[in-house]
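Which chain is which? The protein sequence lines are A and B, in order. The first sequence begins at 1 in this note's numbering and counts up one residue at a time. The second sequence begins at 1 in this note's numbering and counts up one residue at a time.
Any given hint could turn out to be false.
Unchecked claim - Derived lysine-lysine pairs resembling DSS-like cross-links, with alpha carbons at most 27 Å apart:
{"id": "1", "chain 1": "B", "residue 1": "LYS57", "chain 2": "A", "residue 2": "LYS99"}
{"id": "2", "chain 1": "A", "residue 1": "LYS99", "chain 2": "A", "residue 2": "LYS56"}
{"id": "3", "chain 1": "A", "residue 1": "LYS42", "chain 2": "B", "residue 2": "LYS57"}
{"id": "4", "chain 1": "B", "residue 1": "LYS11", "chain 2": "A", "residue 2": "LYS42"}
Since the hints were made in silico from the structure, they are not lab data. What you are looking at is a predicted structure, and each value in this text was computed from that prediction instead of being measured.
Spelled out, the chains give:
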Amino acid sequence: QKEVEQNSGPLSVPEGAIASLNCTYSDRVSQSFFWYRQYSGKSPELIMSIYSNGDKEDGRFTAQLNKASQYVSLLIRDSQPSDSATYLCAGGGNTGFQKLVFGTGTRLLVSP
Amino acid sequence: GAGVSQSPSNKVTEKGKDVELRCDPISGHTALYWYRQSLGQGLEFLIYFQGNSAPDKSGLPSDRFSAERTGGSVSTLTIQRTQQEDSAVYLCASSPREARRVGTQYFGPGTRLLVL
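Here chain A stands alone, though its shape is the one from the complex (with noise of 0.2 Å):
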């Protein structure tokens, strides 16, 4: 099992509509969890970061962290076209695996 997984999309949805990313994860990448953003030609951006089960909310974004089924998602409400891009999931463990892992990404489209 690769250490962080996700579906590489591309995940379609209207404008208005609330996006869904989802993420799995094994046993080595159990404490740290981000989401970056990457726009074609550009570095990826932090978006959110969860360390705690349960969700974590900022603006129109909201991560999920749900430990026992060992996956993260992230919920982008009122997806708007500006919000096409590739999402990036990345894990990380605890003082024995310090090093941040990186899923493929899911590239998502919102459609006007």
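Got chain A; can you put chain B on it based on the hints?
Chain B in isolation, oriented as in the chain A frame:
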């Protein structure tokens, strides 16, 4: 404050030449990562430095690739005898040390390498 900087922003070289790519991390960040990203592909991990620990070189694709980090700050990625398949964007990221978890990574703008 200043973010991660990389130089050069673009590099065109001929097959067989050596290239050096530089990364200046955010001041005080103890961890530094190098990634490679080919067109339309995901991030490919290359190497990871954390403080004074031995670097994790598990992602380096061949012995033509090497990296060093001097004084725990600036890092240089060297590619010897470049090949056309080395053409990609090389991204550097740094992160602070946190007590019990992996720190957030902050990315530089990348170096776009084209090997002719």
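Each hint tested on the structure:
1. This hinted pair checks out: LYS57 of chain B and LYS99 of chain A have alpha carbons roughly 12 Å apart, not beyond 27 Å.
2. Distance check on the hinted pair: LYS99 of chain A and LYS56 of chain A sit about 23 Å apart at the alpha-carbon level, within 27 Å; holds.
3. In summary, the hint linking LYS42 of chain A to LYS57 of chain B is supported, as the alpha carbons are separated by about 25 Å, within the 27 Å threshold.
4. Of the pairs offered as hints, the one joining LYS11 of chain B and LYS42 of chain A holds, with about 17 Å between alpha carbons and a cut-off of 27 Å not exceeded.
The earlier numbered hints are all upheld by this structure, with none contradicted.
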